[in-house]
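Novice: As a plain string of letters, each chain reads:
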Amino acid sequence: MSQYLIEIQDLERFFAEGGGRLYVLQNLCLNVKRGECVVLQGISGSGKTTLLNLIAGIDRPDSGRILVGGEPVNKLSDRFLSIFRGRHVGMVFQHYHLIDHLSVSQNVAVPLTAADMGFAEQRQRVRQAMALANISHKADSTAATLSGGEKQRVAIARALASDPEIILCDEPTANLDRANAEALIVLFEKLHNMGKTVIIATHDPRFLSLPFASRVLRMEQGEIVS
Amino acid sequence: MNPIFLDRNIFVYALSETVVWIVLFFAMPAAVALLRYWDFSSYTALQFRLERRAYLLMSVAVFVFVLKLLLFPYFIFTLDKLSAIVPGAMCAAGVISFDPSGMHLLYLKIAVLFMLVLWLVVNQYDLAGGNYRWSRLKYRLFVLLFVLISVELWLTLRFFNALDIHAVLNCCATLYGLLEGMNPLPFGLEKIPMVVLFYLVWFFALFSHAARKPLRHFAALMLFAVIAYYSVLYFFGTYIYELPGHHCPFCMFQRDYWYVGYAVWGLLAGGLFLGIAALVAEIMMREKVSLLKRISSWLLSLFVLLCTVYVVSYVIRNGTLLPEEVSTGMVMPM
Amino acid sequence: MSRGSADTGKRVIPLTLSFRRQTVWDLSTGIIMTHRKIVLFAIDNLGAELSRYRGILLLSILLVFIISSVIFLTASLRYTLLEALDAEPDFVVQKVVADHQKTLPATLGDGIVEIAGTTKITPRVYGRYFLEGMQRSILVMGVDFLDEQSHRILEEIIGKTDLNHFLSDRHAMIVGRSVAAWMREHRGEKQLYFVSPRGKRIRLKQYAVLPENSALFSSDMVLTRIENARRIFGMKRSEVSDFSFNAPNEIEWELIKVKVASLAHGLRIVDKKESRKVYEEMFNFSGSFFIGMLVMMLIPFGMILYQRYAQVYTSEMRMIGILRATGWSIGNVLMLKSAETVMLILVGYVTGVALAYLYVFTAGAPGLASVFLGAWNLPAAYQFTPHIDFFVLASVFLLYALPFSASVLFPVWKIAASDPVKAMR
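Protein chains in written order, with our numbering: chain A, 1 to 226; chain B, 227 to 560; chain C, 561 to 985.
Hints in this document: simulated from the structure, not taken from any laboratory. These figures come from a predicted structure and were not determined experimentally. By construction, the Cβ of each residue, glycine as well, lies at the ideal position given by its N, Cα and C atoms.
Below, simulated BS3-like cross-link-like pairs (lysine-lysine); rule was C-alpha separation at most 27 Å, straight line:
#, chain 1, residue 1, chain 2, residue 2
1, B, K294, C, K974
2, C, K832, B, K307
3, B, K307, C, K833
4, C, K819, C, K832
5, C, K680, C, K833
Interface residues of chain C toward chain A, partial, derived using beta-carbon atoms under 10 Å:
#, residue
6, K597
7, D604
8, R884
9, I890
10, G891
11, P980
12, M984
Please take these sequences and the hints and turn them into a complete structure.
Specialist: Next comes the structure, spelled out in structure tokens:
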């Protein structure tokens, strides 16, 4: 059995542009151990978001392979990829991506709705996730009425609802004030202590010196340079 | 065009069948593309597009199945309503027998429903398998379904167009009655031996399923299909109507008999469809399909129970079985 | 997670995610549970986004309302007429010369009696009389005091009226609602004067009015003693308008027709089934003409639906992308959109049908009724008898739900199968 939870080899992703190819990721290799916290640092357009989308299975690479727990994620059918995403990956998106007309609890329950579990278990998990993200007091509020920091916490609660092994965060502090950003870092530490594997893509300098982060990797033009 | 198409029910039915066919027709290019280019082992952009397109076929198949399931009883009732204006016919049985193609049409409709069940079974296992092992089989079945449904539509329109409301038709007493010198029961059986065989074959079907003998189970179901059909027509049906000479398969769908025809034929058809589809799928996919076989066994057992209840109820109330039917002495017109 | 697996370049079944053997209960409850949750999600989503579907809903309700109104109306008329027809005799024998109905000799009845299998042979005297004041012809029917068959039929029409008392009055008549209404308005009295072909005046007094539930076919009818009818139309005692009779054994009908036809030259024999066919065809034609027009409406309706669903709002696209990115499969999203579509169809159907029911059976279908019954002498507020069976409702449902769901099938799939990355941008 491999020591790595996530193994990425020779990953490539490009888009057709003007008769040629625009490479977003090229020859990318990355191995992440179970329980590790990895920070991906780079400017906008360096390929961080694309990499996270590929690990989560939201996007598919053009070549290379991605193994998660030994499973070739990029080769799964849609149904199993969705199960994988729903059960094993929690993703926090850069712009939260909440469903504005639904309430907080309904948003948090989204990944669990398509999962094979009963109502009681679903309600319990939603409560636990909201408590962990400290957003329980806004359970019945519509997502559209929340502040930026509150939306971010809802997005985190949604990512934690299915108790996934892997947490992927894309620019989690981009739209937060200092206090909220620091609260978020405390939460990440908590998740790391719970044994979750956390990958954070950010250009926030605060993440460069996290005590619990095992590695900080710099990305430039679709490659990991350090 | 026959003015019978102006009959509201026929108009609605013909329009509905046409719309279903049109939806299938527009899905055919996707089916052909899937058959030509499908290669799950590759992970090119084309393959990922095809995997998304496969869901279109699934949506269309479910849509067609639901509609066909709704339209089948509607078809039966349309024929039944027509019997009011067609001389001689007392119910749907007479109308459908107007033309030899009528019974072929009925069998084809049943075959289409069966094929749809089979497709959905294969699809469910194909999706659950994870690597789309049976996708090619599925898409070939889809194309075959389109061909069958096209033929069905053509036969349906042709049947209604040829229907002559001035011609005198046969009623079910003539069609299904015990005619002098002719035994309509299969294998030359008499009634009581046939009923005994009915229970024996049912029991054998259950036993072969429990013993996990798929080929024997398949044979039992096929035999049961024939025996059950004749048993309902010539034995159990008479207890539903409480008339020894009433053999119509359609009259029990009516209000007078508490619409029990739906339960009787529905349970039988459902049990047979699921059981046979499961076995055919097992043969095609070489994969155990036990859940459907279990449901099939339950449905067939409920069917047997329902039929038995009518006989037992009659005997309890009257202290005797129904008297034997007297032959009509009529010669069936050729 | 599972054990590692060597990558052979082929796509494999992930063991952790394999379709594991489950009990019937587990599997069925698992699938059912997921579907239940998705359906509840669809209800929440639809409720929050209802304003977006308002246009489609209104259009659906209107379409169902129109289709249902036409179908309810024709079904009711058909039912009422056919029910009345059931009370009619099996055969009517008339004499037709140059396409005009002539009187028959009363002795013909004796010949019909002789034919085996015939019963309840009844001579009938009736005709259409043109009322100058009303500028319409009314149907005058004679009732034989001694004829039980006529009494039975009439009792069904007349209801509670004492038939014997009515028939014992030589100048009594029972009138239909239109006639009664006209008499009330224009003459202010309850009697009518008829003029026979020889110029003789015949006065008849209104004894009663025919009940409303028979108004469909009796609205312009006048019932009186058979002698009065003969006098109005100048018929001798040896003449009748036609004969009616029954033949209980339907198998013998063709033979009986042949025998009756041989009794005299120029006889037209009409059996009940033929009359039924005429009624059926009458409503088939007019109903289906409307349905044909409605099919023309269905085409633009389908196109509007297709356009609306194909033109996906950005927020809806975003939502689908979010669902897909958080673990929903294409199948789950299809289930969601299908559930929404089904709910829209059901709401449109139930509302449209309910409104049509009120329009036809409570309000009397103003506007639409005159299209079907314009030539009939109906009172202004005729109440249609509700006759809705499963078949009628199924017809409405198929005419509406099938084009609806067929139109949205492709756009819904396209939305569900869209790329989540692009959708979320």
